[in-house]
Amino acid sequence: MNTAGMSAVTSPASLDRELAAIVGEGHVRGTGFEINGVIPAAVVHPGSPEEVGAILQLANERGLVVAPAGGLTRQQIGGVPERIDILLNTTRLNQIEEYDPGDLTIAVAAGMPFAEMQRRLEEHQQWVPCDAANLEQSTIGGLVATGAAGPLKSTFGHMRDFLIGVQFVTADGKVVKGGGRVVKNVAGYDLMKLLTGSYGSLAVITRANFKVFPRPRQTRTFVCPFRSLDEAMQFRTRLFQSPLTPMCMEIISPRAMEYLRDSGPVHDPDDYAPEQPLSLPAIEWQIVLRAAGSDNVLARYARELGATVARTLEGTREEQYWRWISHFEQNVLSRHRNAMVMYTHLAIQSVGPALQAMERAAPDYNLIPAAVGRAATGNLVLAFMPLSVDPPSAMQYANCVSAFRGMLPPGSSAEVAHCPKEAKPHFDVWGTTPTDVKMMRAVKRAIDPKNILNRGRFIV
Amino acid sequence: MDSSILRQLKKIAGKDAVLDRPEELMLYEYDAGVDKHRPGAVVFAQTTQQVSQIMKLASDKKIPVVPRGAGTGLSGGAIARREAIVLSLARMNKILEIDVPNQRAVVQPGVVNLELSNATTKYGYYYAPDPSSQKACTIGGNVAENSGGPHTLALGVTVNHVTGLEIVLPDGKVVEFGGKAQDSTGLDLTGFFVGSEGTMGVVTRITVKLTKLPEHVTTLLGIYNTVEDAANTVVAITQSGVTPAALEMLDGWMVRCVEANVHAGYPEDAAAVLLIELEGMREVVEEQARAVSEVCLQQKAREVRHAKDEKQRQLLWLGRKTAFGAVGRVSCSYYTQDGVIPRTKVPYTLAEIERISKKYELIIGNVFHAGDGNLHPLILFDSRNPEQAENSRKAAKEIMACCLKFGGSITGEHGVGLEKMGLMTAMFTEDDLEVMVRLRNAFNPESILNPQKMIPDLHFCREITGPLPKAKVEPVAGVPV
Chain C
212 MNTAGMSAVT
222 SPASLDRELA
232 AIVGEGHVRG
242 TGFEINGVIP
252 AAVVHPGSPE
262 EVGAILQLAN
272 ERGLVVAPAG
282 GLTRQQIGGV
292 PERIDILLNT
302 TRLNQIEEYD
312 PGDLTIAVAA
322 GMPFAEMQRR
332 LEEHQQWVPC
342 DAANLEQSTI
352 GGLVATGAAG
362 PLKSTFGHMR
372 DFLIGVQFVT
382 ADGKVVKGGG
392 RVVKNVAGYD
402 LMKLLTGSYG
412 SLAVITRANF
422 KVFPRPRQTR
432 TFVCPFRSLD
442 EAMQFRTRLF
452 QSPLTPMCME
462 IISPRAMEYL
472 RDSGPVHDPD
482 DYAPEQPLSL
492 PAIEWQIVLR
502 AAGSDNVLAR
512 YARELGATVA
522 RTLEGTREEQ
532 YWRWISHFEQ
542 NVLSRHRNAM
552 VMYTHLAIQS
562 VGPALQAMER
572 AAPDYNLIPA
582 AVGRAATGNL
592 VLAFMPLSVD
602 PPSAMQYANC
612 VSAFRGMLPP
622 GSSAEVAHCP
632 KEAKPHFDVW
642 GTTPTDVKMM
652 RAVKRAIDPK
662 NILNRGRFIV
Chain G
50 MDSSILRQLK
60 KIAGKDAVLD
70 RPEELMLYEY
80 DAGVDKHRPG
90 AVVFAQTTQQ
100 VSQIMKLASD
110 KKIPVVPRGA
120 GTGLSGGAIA
130 RREAIVLSLA
140 RMNKILEIDV
150 PNQRAVVQPG
160 VVNLELSNAT
170 TKYGYYYAPD
180 PSSQKACTIG
190 GNVAENSGGP
200 HTLALGVTVN
210 HVTGLEIVLP
220 DGKVVEFGGK
230 AQDSTGLDLT
240 GFFVGSEGTM
250 GVVTRITVKL
260 TKLPEHVTTL
270 LGIYNTVEDA
280 ANTVVAITQS
290 GVTPAALEML
300 DGWMVRCVEA
310 NVHAGYPEDA
320 AAVLLIELEG
330 MREVVEEQAR
340 AVSEVCLQQK
350 AREVRHAKDE
360 KQRQLLWLGR
370 KTAFGAVGRV
380 SCSYYTQDGV
390 IPRTKVPYTL
400 AEIERISKKY
410 ELIIGNVFHA
420 GDGNLHPLIL
430 FDSRNPEQAE
440 NSRKAAKEIM
450 ACCLKFGGSI
460 TGEHGVGLEK
470 MGLMTAMFTE
480 DDLEVMVRLR
490 NAFNPESILN
500 PQKMIPDLHF
510 CREITGPLPK
520 AKVEPVAGVP
530 V
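Line order of the protein sequences matches chains C and G.
The numbering used here puts the first sequence at residues 212 to 671.
The numbering used here puts the second sequence at residues 50 to 530.
Please keep in mind that the hints were generated in silico from the structure rather than gathered at the bench.
For each residue, glycine too, the CB sits at the ideal point set by N, CA and C.
Among the hints, a few may not be true.
Derived list of chain G stretches under chain C, where covered just means 3 residues or more per stretch with a C-beta under 8 Å from a C-beta of chain C [claimed, not checked]: (1) 74-81; (2) 151-161; (3) 170-179; (4) 329-335; (5) 438-447; (6) 451-461.
Stretch by stretch, here's where chain G covers chain C in the computed footprint (C-beta under 8 Å, at least three residues) [unchecked claim]: (7) 265-277; (8) 312-323; (9) 450-457; (10) 496-510; (11) 555-563; (12) 597-608; (13) 623-629.
Model the full assembly from the supplied sequences, consistent with the hints where possible.
Structure, rendered in structure tokens:
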């Protein structure tokens, strides 16, 4: 796979010149950045939504394939593209456009790193409750486009639930908007829902308006260990029936604890060498709760949870711990270059069966399973680490995914977010979904009829 | 309506499921808003298959279809024209499944909003979105309009509570979006569909989230000598870090109007009251109640009352939920607005509304979701007096202009429908609207479903959609254009 498929009508050099005419000489520059092995022919950094429009208009007229990009933290998700003619990087669009703390809303250009916006909100004890990984590098547009979320999703939902307005550029270069700057608004179609999680396949997001929330002043974390998945799931049921309303509720599989710590330098990214020897039985499942409130409220949690709690975390140790949970996937991938990561979407009662399915499917294909995820919403991050003694072949990843998906209860979906690119052609990384895919494609055709945006990478 | 069409409708849905006599159709010519049009026929579908057959017939014969629930909408979304069929989903009113372990319910579109909560409270759960019309409105209608309600401040509106839909497309094809999982791989068509006002498909089955009943609920009534103090309290509460479950305001005129009607216990000499509800764990609610009371008093509340028991709490809410009905006792006509403004602009906007009220010598009552900045000014007029009717339109226009000036919205929860279609161009550019039309056409290419609603008929629509359906949008009395 290379850039040999580059459009015949435009040579790379002349394309660079045309792009430079739109954005200025200094803003067309290559990075050597690969997306699943494919190097974009040109990289362009527009400085305004109108420049984004001009680039897309050019691409649309020529049928050039465009990959919208931000902090480049989630570009490896998805299928292997046939080619990428233009990597359109939005990081120059990085201003806070409007923020009045009293309104609890903020309007931000899409290329701003999320953490930068969050720091501004923190000055007023506010936040957008998103704790996905890599927030220093990840741009706001990228997080919206990938529907990224972390443990806070349990209570607050994700980008779709905070995004109250969006400006974007369509494939034919029009700068348009949906929603607005107020927290309640039903004027026009909800384009915010459509763009969240669309992986850059429908439009290039240039601005996002969020509703923001008061940031909890105090939290505490309760780690509850169990001897089996069943016991952990029974505890979850009791929690649902209790008056407690924890902010986060994570389930952690036995082998996942290995990745919830700062790992030492990685000597060999292909070597699976856990700090806990593999010969020790890994049976401890954990449910980890994070609660917010006054001393009085937190005391109630401690009282009701009682002896189930093995460890209580607060302050910087607590913050550190949740950063590890958010970065579980990144930690796995930094230790195991050839690991596979899946994201699940499950009904509440399918969480247990899905975790069982993972534990059963992985060993058959020489993979070690580990999982961290939202026990209350069914959004799990599953990691499959190859054994160094007999690493799986490309086909074995495909077979493992297929075996795992086959065991999922109906109505579930599970996409492969990461795996060796050599394995990707052997199966459908996105998999089946309960939502009508033909209708998804009709929507895609309606606003990107020439299929120039992220062609071949997303489900549509 | 063509008699062969009527025969075929009867064949699909049954003889007793089709209305076509003028006296029957009269009952379907209005909703709770201001527009009126008599449809050509009404058909009551009882199954998804019937909906599919009806849509197929309508598509083949190019007859517009307007889906309808309980007809409680406020923007004309369920109003049909003479040559159109009203497709009522009111008889598809079964709760198909209450799945407590998964915290979901699966319902047909005609299930009444409140009935779902009534059916699930015994399990410790309820359905959170609570439009004021919840005793009558259907969940299918709520999905179409993305309905809100007082308690959506903390818990979100309909779209935050719907996880799955079965939809019949205009050509009769049945598709599924989502299910019981919180979300699924691929585009979020479930979220996109909610609030599409019946212009993309007919919902025939809905999977909704059930919310755990809170351990404790408290309702406070803040009483004020000026509207300004009440409005400032709204801003101060929002900034204090407390998110109430509901934060509603009624001005003095509305208070007196409501008291005359249901005796909710609001003090009649107040210039404004705030109805503040807090819910959650007992400790949280108690702390928040103290904090909120303090904020109210700091902002010059004359008094803050706590509902002593559930009966008192329900009475306070009865006043709020029957406010619109109470207005009907004192004025033969009123015109409800649904503008939204950023929350810090509530004090200024209320002062503007007061000014507009004086300018046109019209009574404007205010009862609204203050915590969201979602205003509901009710402009009273006598429709027999042409000057007053005209002035009410002008006043409405000025209020909307004020909302838009602050980056607000023309509608927070009532929908665009017929009523606010003319205002869409004040919020969106032609390019914005063109993208919406293109997306609608992906579902409803020939505008068979709910034509000429929501998005105004600009020139480009014709270029994109090909031939226009026969009906024309005409200005309707009482609607500002």
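Against the structure, the hints:
1. Look at the region 74-81 of chain G against chain C: 0 of its residues bring a Cβ nearer than 8 Å to a Cβ of that chain, fewer than three, so the hint is violated.
2. With 3 residues carrying a beta carbon less than 8 Å from a beta carbon of chain C, the region 151-161 of chain G meets the three-residue requirement, and the given coverage holds.
3. Given as covered by chain C, the region 170-179 of chain G fails the check, having 1 residues with a CB less than 8 Å from a CB of that chain where 3 are the minimum.
4. Coverage of the region 329-335 of chain G by chain C holds in this model, with 5 residues showing a Cβ closer than 8 Å to a Cβ of that chain against a need of three.
5. Residues of the region 438-447 of chain G lying with their CB closer than 8 Å to a CB of chain C number 0, which falls below the three-residue condition for coverage.
6. Check on the region 451-461 of chain G: 6 of its residues sit with their Cβ under 8 Å from a Cβ of chain C, so the three-residue criterion for coverage holds.
7. Under the rule that three or more residues need a Cβ within less than 8 Å of chain G, the assignment of the region 265-277 of chain C is violated, with 0 such residues.
8. Beta-carbon proximity to chain G at under 8 Å applies to 5 residues in the region 312-323 of chain C; the threshold of 3 is reached and the given coverage holds.
9. Under a criterion of three residues with beta carbons nearer than 8 Å to beta carbons of chain G, the stated coverage of the region 450-457 of chain C is upheld, 5 such residues being counted.
10. Judged by the Cβ-Cβ criterion of 8 Å, the region 496-510 of chain C is covered by chain G as claimed, because 4 of its residues qualify and three suffice.
11. Closer than 8 Å: that is the beta-carbon criterion, and the region 555-563 of chain C has 6 residues meeting it against chain G, so the requirement of 3 holds.
12. Residues of the region 597-608 of chain C with a Cβ under 8 Å from some Cβ of chain G number 0, which does not satisfy the need for three, so the listed coverage is violated.
13. For the region 623-629 of chain C, the assignment as covered by chain G holds, since 4 residues bring a beta-carbon within under 8 Å of that chain's beta-carbons and 3 suffice.
The structure shown violates the earlier hints numbered 1, 3, 5, 7 and 12.
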